[in-house]
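Here the protein sequences line up with chains A, B and C, keeping their order.
Each residue of the first sequence is one higher than the last, beginning at 1 in the working numbering.
Each residue of the second sequence is one higher than the last, beginning at 1001 in the working numbering.
Each residue of the third sequence is one higher than the last, beginning at 2001 in the working numbering.
By construction, these hints were calculated from the structure, which means they are not laboratory data.
All figures in this text were calculated on a predicted structure; none of them were measured in a lab.
Glycine included, every Cβ here is placed at the ideal spot set by N, Cα and C.
Hints may be right or wrong, so weigh each one.
[To be verified] Chain A is faced by these chain C residues, among others (derived, beta-carbon under 10 Å):
| # | residue |
| --- | --- |
| 1 | T2034 |
| 2 | M2043 |
| 3 | I2045 |
| 4 | L2129 |
| 5 | M2135 |
| 6 | L2142 |
| 7 | V2143 |
This is what each chain is made of:
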Amino acid sequence: MRWRFRASSDMFPNTMTGVEATKNERTGASDEDHIAFHNVNVELGERMVIRNLTCGFPKGRITVILGGSGSGKSTTLRLIGGLIAPLSGKLVVAGTNISKLSPRKLVPVRAKLGMMFQGGALLDSTNVFDNIALPLREHTRMKEDEIRSEVNQCLTRVGLKQSDGLLLPRELSGGMVKRVALARAIITKPEIVLCDEPFSGLDPITTKRIELLFKQINKELGMTMLIVSHDAAATLRLADHLLILMPDRSVQGPPDELVNSSDPRIKNLLSTDVDEDFVKLDKILDTNAGFGPGDLESTWS
Amino acid sequence: MSRLVIRNFVVGLFVLAGLSAVAYMSLTIGGLSLGAQDQMTLYAAFDETGGLKDRAPVRIAGVKVGEVASIELDEDYRARVTMHVEAGLELSIDTQASIMTAGLLGDRFILLELGGELHNLADGDTMTWTESAVLLERLIGKLIHNVSLGEDG
Amino acid sequence: MVLRAIDNLGAATIRFIESLGAISLFGGAVIGNTLRPPLRTRMLIKELYKQGVQSLSIIGISGLAVGMVIGLQGYNTLVRYGSENQLGVFVGFSIVLELGPVLTALLLTGRAGSATTAEIGTMVATEQLDGLRMMSINPVNLVVVPRALGLFLVTPLLTALFVVLALFGGYLIGVGMMGVDPGAYMGNLQEAMDFPTDVVGCFVKAFIFGCLISLISTFRGVTCAPNSAGVSAATTATVVQASLCILIADYIITALWGF
């Protein structure tokens, strides 16, 4: 038996009611963790990648996972998606313990998840439109014109034109790939969006545009967002909550608290001078006619 | 869109070519007859088959009318040959089956020579008139024997 | 030393049995997903194009060349015994029973099987299959089945084309160059060739080789290590393992079929 979404009216409420419902939930249950790790250990091959990790991710917020390379950032996301199973420990995603679930039993959990992969992970043999429409075509009984309007709406939301839908993944720029990947991750309106290195390989302007997009989507759709990054500046601008993975321990908390941490390693990870970064960006913006400083002000000030 | 149509067309041509090659192999080369040709089974016992093989042709006046289905040893230690021939043939009951050789060293086949009886052989009948294979090495052996006898005498 | 060797032998045996189990489970999943709707016609046609139409040139040229070589060699041998009229039989049997299915399968492994492994392997390396899993889409259903089915269907068709072209190649040399009687070439061939054993046997081989190529090349792709070294290792493994399996299977079928 293949799992299908329930009737589209349940699963795809029109945007207005959906937003209101999630907004109410957010104020009521913002302290409740949407995803929780309890003493999770992960071994990949011979190496312990994650050792005794206990942490939680608040519902409806943007959490950034920060850490050096090899600290298990991407592994954390893959764990939540059920792509790898923990060696031991308990992992609760949206109320379900998924640490020992079979692929079939993971289906209802994954329906609440959308994942944006580092390289986009778009099917390179089909165009952007079909890539985004794929989960709708596979799991719903939506008619082709419903799918079309849903996908086009989603393309607009992530800042792409409808005509971009006809492009093949190899014809996209780095920023566009990230946008399409995001569009595919949110097309089914999941509760949780997992983003693996969404800023990798992007120039500062595109990085900020994608950041803006995350903020917008988080605000409008109320999705819990987990973002893996190693870009300290972007992290501090974006995060409501921060999880820092280090080889021997992990720390979590609001970013403004962690910035003042006494641990030199945390200081080091968060050390980018944000103001200097803005100055640099302003210089770039002055030479770029298509993107005025006003756009940024409305976002960041 | 038209690129898709062209691709579909080319794939269609490919499948068609492949299937016609399959058909050619089966019908022309393999001799498969689609309209399930009726066959009748006849039996004949020989003292010597001389290397007759399964699927060897059965001919009348050089024309192939069937083939050998199997060769077994019967209770009298003779070779019992089962052959399938076309069902429409009217072979008189005294038809003789001989094992012949195509050329000097060629393959063995069975030659049917019609007799004069009024009754015809039916499906499952056994032919009583048979002629065994002539073994070349025996002939040569006899020849040498005779020649040497002649010299002595 | 001896204990160590026994240890290694045991480990190798266990690994071998494990991989046999894995590929059997995978094969079961592929068959199950092939029978389950939806039939992805558009994707299947695309694969038939990539694996079938684009392999036509190499299969066609090889078939013609092999037929011509066998025709020439066969003529030179047969003419010594004065039985050059049997050239059709000589070419026909070597092509239909052995060379046709085996060479087609080997060429197809190199041409389409390796490409399939590389394609699926690259999809693994770029997390495309994980992306599908996250959307609760079974990669076997969406990615593997059209490719496996394509390879499986294309093998007997290409085998038939190879055989017909090889027979034609032998005809060209025998009749066209060496002056064998055309009636004797085709007549003797038709008389010697039998549908239920020879032609069916040829297609039994083609179907089994098709299964082997499609199963091994997709399995190696899906189990590929997610990096470029992994893709190249998987592609090599496909060519080596599929070729060996084809040759071993050919021996077994020939022995069992009783040609």
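Okay, the hints, checked on the actual structure:
| no. | hint | verdict |
| --- | --- | --- |
| 1 | T2034 | violated (15 Å) |
| 2 | M2043 | holds (8 Å) |
| 3 | I2045 | violated (13 Å) |
| 4 | L2129 | holds (8 Å) |
| 5 | M2135 | holds (5 Å) |
| 6 | L2142 | holds (8 Å) |
| 7 | V2143 | holds (8 Å) |
Checked against the numbered hints above, the structure breaks hints 1, 3 and satisfies the rest.
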